[in-house]
Amino acid sequence: METVFLVIATTCYFCGMVGYQIYLLRSEEVIHRAAWTALLAGAAAHGVAIALRSIEEGRLAVTPSPQALSFFTWILVLAYLILQPRVGLRILGSFVSPLAVGFMLISSILPESIIPQSGVLKSGWVVLHVAALFAANAIFALAFCAGVMYLLQERQIKKKQFGFFFPRLPSLERLDKVNHTCLITGFPLMTLGLVAGFAYAGAAWRTPWSWDPKEIFASATWLIYAVLLHERLAVGWRGRRAAWLAIIGFIAVLITFLGVNLFLKGRHTAFVG
Amino acid sequence: MTAQIILLGMNHKSAPVEIREQLALACRAETNPLCTRSHFQYVEEICVFSTCNRVEFLFTSTSANEAIKEVKSLLRTHLHFSGENAGIESLHIEPYIYIFKNADAVKHLFRVASSLDSMVLGEPQILGQVKAAYREAAACRTVGVILNRLIHKSFSIAKRVRSETRIGSHAVSISYAAVELARKIFGELHDKRVMLIGAGEMAELAAEHFLSHGVRQMIVANRTLERAMDLAARLKAETVSFSHITDALKNVDIVLTSTGSPDPILNHKDVRSKMRERRNRPLFFIDIAVPRDVDPEVNRIDNVYLYNIDDLQGVVDSNRSERQKEAERAEHIIDEESIKFQEWLCTLEVAPTIIALHKKAETIRRNEVRKTLSHLPDLGEKEREAIEVLTCSIVNKMLHDPIIFLKKKGERDSKQRFMDFTQQLFRLDEENSSTCSSIDSMER
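Here the protein sequences line up with chains A and B, keeping their order. Be aware that the first sequence starts at 149, since it is given in this note's numbering, and climbs by one per residue. Be aware that the second sequence starts at 17, since it is given in this note's numbering, and climbs by one per residue.
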């Protein structure tokens, strides 16, 4: 059953993606509405799939890696669906939807590792740790999309060569503002998630820090965003550099999130696989 | 004989400048030629579009040649009426007139309303002018079934062209291109400040464009203070001394320069140091001066964008060709819609035949039902109703296929043959009463 819903979700996301690519070519209200609805339907089916899995396993299905990525995609699409009507940045869908489809496909081919049952996810700290970090990562994914859009647009204006995207992308200031908003909401969430993780580790394993690869990469990622936030608020960084840093930050997020799970062993391996 | 749609007129492409001057006068005189002439002999419906670049008469008539003569004389009086010096009488307008008939006329109107025939391709005013012309014609009651439908169709097509192509979305003047670029950098302009350095005419024009697109704060700097104050008064701006322009960079977002200075007045180092103070808020330089006022190196600074006159001209040129490309897509839409309209027009021609066919069948049915019922006085209300329904459905089912056939043929050239054929087959051309009696006699 769960697979059926996952396939439906992926198909809906795919339709949404196609719709949003068509929207790039022909910016008509109907097309946008159809694409948006497809994403919404996908998110609904996806939610059912996650719920089924969670009920079956008796815990929130956020591990191992394939589920983690799938859950992350769900949060990302939800974040977009909630945010889009508020900021009115429709073109963001054209960038978010391929990301969603890509993640869904990767999640379906990732090796399904068997992890021992454990009560870890029943701890409040861990739930907070997982929830805050997933939300932060989804917001950073949006910042990543906004950053890519910014760089595309900035390049065209600077080089005075106007291509396909010029009339379709919003103004630089708007994109920069999206980037900024994502950063100042994502960063506290990320900090909260990490602190919750350390708190749990401190209580359960007596030491909050154990040079676990995931811990090291997560801290590095946090540092990248901390630098970006500092430069933005204190020095007044904005524009191209901030966009690049948002992109680098998200790549670091992906490495921490997936790369470490797949290639390195550590404290998280037992739960994440 | 059915009515033809004819469009007669001249525009900026067909007429030389001295004729167009008269057009401009006629346009400004705001007299509607329809009101000056109350009666037409051959023209059935008519509507006049008069702008500074064109005057066009759209009309229908069953006798085309006479109607064209009539309208030509109307055009002459229209031009003469408004040309005070009356030299127009001697001007030979005949060679500058174009006449389109039927499908061509329809297509031409659609092209005009969609701004494909305009001097500046894709300019938005023309649709408003066509709408105004239609309102006037409607007020003078000179439009009927065909022109009503045709002109309304032209509105919806113009809207379709605008929404489905990007014909109107590229700026084709330098000052507008500058505003468009500023919008792509800043988004909303209402909280942005513009500094105008120098008092070139083009810069002033651009400044006016910025003001009309939401900019509320503007400051003016010029070497001669008088000139600056003069300009500031016109633009409702403040003035700043010319020696302080580098300091002023801290608080402005858009800088328009057009001084006669032989050397750059703003260099890389000045701007760079100001960007730190600005906390990297974007700065947009529009340098319209030749020789240039702003060091080209400035464009390399992060969050600073510099466009000189050639860059803007480049934008305008590429936008023009972009509009040209979009115009091709628009032409396709228009071809499609012209065909659809032509089809409607043709079904209009077969309509009288269809109505006659219906009428005849209905008369026969009613007569026969009456006769039958008079022989059967014992029938109840329910039975009578059943007979009515039965006969009606027989007639409708019998007629259904011939009518569909006619409607289909209505879109073809051969329709006249089929219409004649139908009329002979059912003897529709005779008076209704006589047809009924003849059928009665046949039955006997």
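Everything labelled a hint here was simulated from the structure, so no lab data went into it. Glycine is no exception: its CB is placed at the ideal position from the N, C-alpha and C atoms. Certain hints may be false.
[As the list claims (entries may be wrong)] Label pairs and their calculated CB-CB ranges:
(1) A/159 / B/417: 25 to 31 Å
(2) B/340 / A/364: 39 to 45 Å
(3) A/250 / B/207: 57 to 63 Å
(4) A/250 / B/276: 39 to 45 Å
(5) A/382 / B/207: 20 to 26 Å
(6) B/140 / A/364: 35 to 41 Å
[As the list claims (entries may be wrong)] To give a feel for the contact side, a few chain A residues facing chain B, derived at Cβ under 7 Å:
(7) 316
(8) 320
(9) 361
(10) 362
(11) 386
(12) 387
### Task
Output the numbers, in ascending order, of every earlier hint that fails for this structure.
1, 2, 3, 4, 6, 7, 9, 10
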